[in-house]
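There are 2 protein chains.
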Amino acid sequence: MTERFVVIMAGGRGERFWPQSRLHKPKHLLPIVGRDPMLSQTIARVLPLVPAKNILIITTRQQLAEVRKASAGLPRRNLIVEPVGRDTAPAVGLAMLLVKQRNPEAVFAVLPADHVIQDEAGFRTLLDAAFQAAGSADELVTLGIEPTEPATGFGYIERGKVWHSGPPAVLRARRFVEKPSLAKARAYLASGRFCWNAGMFVWRVPVIAAALRAHAPGLHAGLLGLEKALRRGSPDRALARLYPALPRISIDYAVMEKSRNVLVLPARFGWDDVGSWPAVERHHGKDADGNVLRGRAIVEGGRNNIVVSADGHITAVLGLDDLIVVHTPDATLVCPKDRAQDIKLLLLRLAADPALKQHL
Amino acid sequence: MTERFVVIMAGGRGERFWPQSRLHKPKHLLPIVGRDPMLSQTIARVLPLVPAKNILIITTRQQLAEVRKASAGLPRRNLIVEPVGRDTAPAVGLAMLLVKQRNPEAVFAVLPADHVIQDEAGFRTLLDAAFQAAGSADELVTLGIEPTEPATGFGYIERGKVWHSGPPAVLRARRFVEKPSLAKARAYLASGRFCWNAGMFVWRVPVIAAALRAHAPGLHAGLLGLEKALRRGSPDRALARLYPALPRISIDYAVMEKSRNVLVLPARFGWDDVGSWPAVERHHGKDADGNVLRGRAIVEGGRNNIVVSADGHITAVLGLDDLIVVHTPDATLVCPKDRAQDIKLLLLRLAADPALKQHL
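Chains X and Z, in that order, are what the protein sequence lines are.
No gaps in the numbering here: position 220 of the first sequence is 220 in our numbering, and each next residue is one more.
No gaps in the numbering here: position 293 of the second sequence is 293 in our numbering, and each next residue is one more.
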């Protein structure tokens, strides 16, 4: 069997869950859902399929200390620091180089670090099938999430003909499309032919290398230079020198939208990317008034609030509905659920003020 | 000149400013307005008129430690602990006994500990005139606040004929009336004949003693017993034994509404009892959006909020108007300004829960 690797992308910026998430502690380092950090849950989820020595994590300098804590079972050298964020295609390229150093013929999965997956066994069955498909063919393989609503926050993947009847079924992907309008999203959902693109890919080193060479030649050339430098000396120094020069581009745009050899495995394993505070609600019990209360939180005469209170501090909400109230030891947020996407406006204020920057 | 005393009533329960105020630290022990605790401001305000040795404070066991800190210039023995709250008439009776022990002919003022007074010199001019009137006649004297709005949260005092033309003018009080309906409050304001009852009284010991004997004989009899016990031994023990048996009744109802020998000095010295969080607004600067911000507080896209944040913690409000958000080291409150009077509902929840009681 082709040797298998998993590369976990753990470099998010942690804006949407402020103040629980921070620059040095974004969502994948928090137990937003469940008891352990999302990254630890992601590692535990793949360990039955792939040995710890073959699980790599790409993260940032700021997050390294916390990533170490959340990935205690992995060899230290499997934690790779991206010197700067350069979007997903350079990160995938770096993942490819790292796997190639270990085994140039290996098959590897690229997985986000911060998703919720309820049916872990179902996930592994599908990932195993994806490894088999990618390991045995010159195909770019992706897990596509069966949509449950006309979401406009994800890209979509249109399915084509059956490639392998399964189970689980493996289909040709006809095309990748970017985040749609609501009207388009509704049409996609109604057609029954689309999956959400959740950023979960599986491919062999030579196959993704060929795809990068064909569709993103600038990036591919940069990766060749980086590969040479990595062979010669310190990875940190090579990355610091060459990684920032790679083009900032997403893997969807650089490769997936342009490739014809793409397979998709439609997935129904209770997936949720938990993109912001309001999404947290789906994963927690509510009181009789629809409030999600974590820690020492109380709501009097209010409905459908999310109230999170840390470290024995009490956070009390009186006579208000549909709010997000999150207390942490050094920062508290109060905002309506439907303004959660504007938390970044607050963070711009903090970033602009030397006295407040420490709370980012 | 008749010897003068001031007795400051410092026993409030601190519900309306939770979580800044607590059972052991109610409003008069906080710098709700200004830099010093309201009690310290009250003491400083009368010190030019009355020596420290003649300023007494009646407080509670829970608040004693903080009251000591806030009244550093006063002799320790001038701090008297009410073993239980028994409303204002027993407290006035106790004040009378304490002053009588020192000088049975003295004149004394009863003042709340937690009011804001902007024109301190004007206040002293009026209090001095009240001391003169009460010291020279068998009258119960009160300072009545010239109303600025049809408030329904105060009792009112109707003025009668001129007793002394002044300045400042001293008038007969025709009657004390309890907190009115809004319609009545409007009529009182329009008539120009009413003042607010702010609980500020001045009288000689024999005059208030006679009024209590005449109008509240049960309370008066209890006070006679307490007086004897105080003469015999430890004040704490005497109070613990006899004070709880005194009838629970207000001085307004027990004496002021029934007495004919009442004088009132109409006051215009920028008075505010700062009864709840919304009242705090009047005393603080606002940002361009009408927000009152204290400590490390920011509001993004919101208007007319009061946001208070303690100890370097940042409290950030996004996209919300007309809220009270108060952070303290162990508790945070979020409520609309127009629900401030219902903070007590929250406190009942805390009181009922052994795990949360500590936050009261």
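No lab work stands behind these hints, which were simulated from the structure alone.
Possibly wrong hints are sitting among the right ones.
What the hints assert, rightly or not - If you only want the chain X side, here are some residues facing chain Z, beta carbon under 10 angstroms, derived:
hint, residue
1, Leu74
2, Leu230
3, Ala279
4, His313
5, Leu323
6, Val325
7, Thr328
8, Ala351
9, Ala355
As the list claims (entries may be wrong) - Some chain Z residues close to chain X (C-beta under 8 angstroms, calculated; not the full set):
hint, residue
10, Ile298
11, Val325
12, Ala331
13, Leu333
14, Asp342
15, Ile343
16, Leu346
What you are looking at is a predicted structure, and each value in this text was computed from that prediction instead of being measured.
No residue lacks a Cβ here, since even glycine has one placed at the ideal position from N, Cα and C.
Results for each hint:
About 35 angstroms separates the beta-carbon of leucine 74/X from the nearest beta-carbon of chain Z, more than 10 angstroms, and the hint is not met. Because the beta carbon of leucine 230/X sits about 41 angstroms from the nearest beta carbon in chain Z, more than 10 angstroms, this interface hint is broken. Annotation: alanine 279/X was flagged as interfacial toward chain Z, and the flag is violated, the nearest CB pair being 17 angstroms apart, outside 10 angstroms. The restraint placing histidine 313/X at the interface with chain Z holds, with a minimum CB-CB distance near 6 angstroms, inside the 10 angstroms limit.
A cut of 10 angstroms between beta carbons decides the hint on leucine 323/X: the least distance to chain Z is about 7 angstroms, and the hint holds. Here the hint on valine 325/X is kept, as its CB sits about 6 angstroms from the closest CB of chain Z, short of 10 angstroms. For threonine 328/X, the interface hint holds, the least distance from its beta-carbon to any beta-carbon of chain Z being 9 angstroms, beneath 10 angstroms. A distance limit of 10 angstroms between C-beta atoms decides the matter here; for alanine 351/X the minimum to chain Z is near 12 angstroms, and the interface restraint is violated.
For alanine 355/X, the interface hint holds, since its Cβ comes within 10 angstroms of a Cβ in chain Z; the closest pair sits about 8 angstroms apart. Interface hint status for isoleucine 298/Z: upheld, as the beta-carbon distance to the closest one in chain X is roughly 6 angstroms, under 8 angstroms. Here the hint on valine 325/Z is kept, as its CB sits about 6 angstroms from the closest CB of chain X, short of 8 angstroms. Among the interface hints, the one on alanine 331/Z holds; its C-beta lies about 5 angstroms from the nearest C-beta in chain X, closer than the 8 angstroms criterion.
Because the smallest distance between the Cβ of leucine 333/Z and any Cβ of chain X comes to about 5 angstroms, under 8 angstroms, the interface hint for this residue holds. The interface hint given for aspartate 342/Z is met, as the beta carbon of that residue sits about 6 angstroms from the closest beta carbon of chain X, less than 8 angstroms. For the restraint placing isoleucine 343/Z at the interface with chain X, the shortest Cβ-Cβ distance is roughly 7 angstroms, inside the 8 angstroms limit, so the hint holds. Hint on leucine 346/Z holds. Least Cβ distance to chain X is approximately 5 angstroms, under the 8 angstroms limit.
In this structure, the hints that do not hold are numbers 1, 2, 3, 8, in rising order.
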